[in-house]
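J.: Sequence:
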Amino acid sequence: MLLHPNGNAGSREIKKMKLTLVLLFVIAIQHSGPVQAQTRQIGGKDASIQQYPFMAAIAFARRLVGNGAIIAPRWILTSASAVYAPQDALFDVQVGADTFMGTGDWYEVLAIHKHPEFIGWDYNIALIHLKGPIQYSDTVKPIDLADTVVDQLEVTMLSYGNNEDSTQHLREATYTLSTNDECVSFLTDGLAQSMVIEQRGFCVRPVPGTEQGQWFNDAGAPIVASGKLYGLFAFSEDEGGVNEGSVGTRVTSFLDWIHSKMAAYD
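For the sequence shown, the numbering used here puts the final residue at 1038, and the numbers step up evenly by one.
In case anyone wonders, no lab produced these hints; they're calculated from the structure.
Be aware that one or more of the hints could be misleading.
Listed next, with one range per pair, are the computed distances between beta-carbon atoms [unchecked claim]:
#: 1; residue 1: Y908; residue 2: T871; range: 14 to 22 Å
#: 2; residue 1: D910; residue 2: A1036; range: 29 to 37 Å
#: 3; residue 1: D953; residue 2: E880; range: 41 to 49 Å
#: 4; residue 1: D1028; residue 2: A857; range: 22 to 30 Å
#: 5; residue 1: P905; residue 2: T960; range: 38 to 46 Å
#: 6; residue 1: L1027; residue 2: G874; range: 29 to 37 Å
#: 7; residue 1: T875; residue 2: S1032; range: 33 to 41 Å
Calculated cross-link-like contacts (lysine-lysine; reagent style DSS-like; alpha-carbon spacing at most 25 Å) [what the hints assert, rightly or not]:
#: 8; residue 1: K1000; residue 2: K1033
#: 9; residue 1: K1000; residue 2: K886
#: 10; residue 1: K1033; residue 2: K886
Please read these numbers as outputs of a predicted model, since none were measured by experiment.
Every residue, glycine too, gets a C-beta built ideally from N, C-alpha and C.
The whole structure should be built from the sequences, with the hints applied where relevant.
T.: So, in structure tokens, the structure goes:
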């Protein structure tokens, strides 16, 4: 059933509580031993960091928990679900690498700023403030934030998340961002639908003829087109499934928050 933006508040809060519990379970998996279920992103192909020098791998105690994008010398933009654990000091960031834990540079985290309305999966965006500035090079550069609102766009999503070849190599995959009624109807969760309807998110769907899926350490995967950052992978309705409903956070809806937070702490 479609949850309208003006729908029952109590029902929506129940959904948020349910999704929060799911998120806590995911975090427990992230910081525990190996799991037996499908834990790999599906589809896509290996890419070079030279193609996407803004990419960052986010680690918690040197275990991959998500992805992000370099947007300024001391700032990484990611999803709040990638940095949900409260111990900011245990996070660090790798840049300039083709593979997680491969050749690249590491930066310590000073603080993590999640959106103040982040609950469950909604308002799923965060800024990582690094202790020192990133040294730019041919393989380490920032990306511009998109500043135009789009309702449909073919994009590339990038992630170091575990893949079907059992590696953590940077991968790229083509998707379509959309916000139309057909995409909203494809989603099955009311909160996912409301994120799209209220313009905080996009439907993220594989192009026809492809099989693709995501897992928890694809969190924060940058979604880009024409050299600009349009979104961040937020969640899949069925992690590990193929061609399931997925949602990306819409960056343009949070530009004021991003710029004000950076200005306050720089």
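J.: Starting from the hint list further up, note which numbers the structure goes against and sort them upward.
T.: The structure conflicts with no hint, since it agrees with every one listed earlier.
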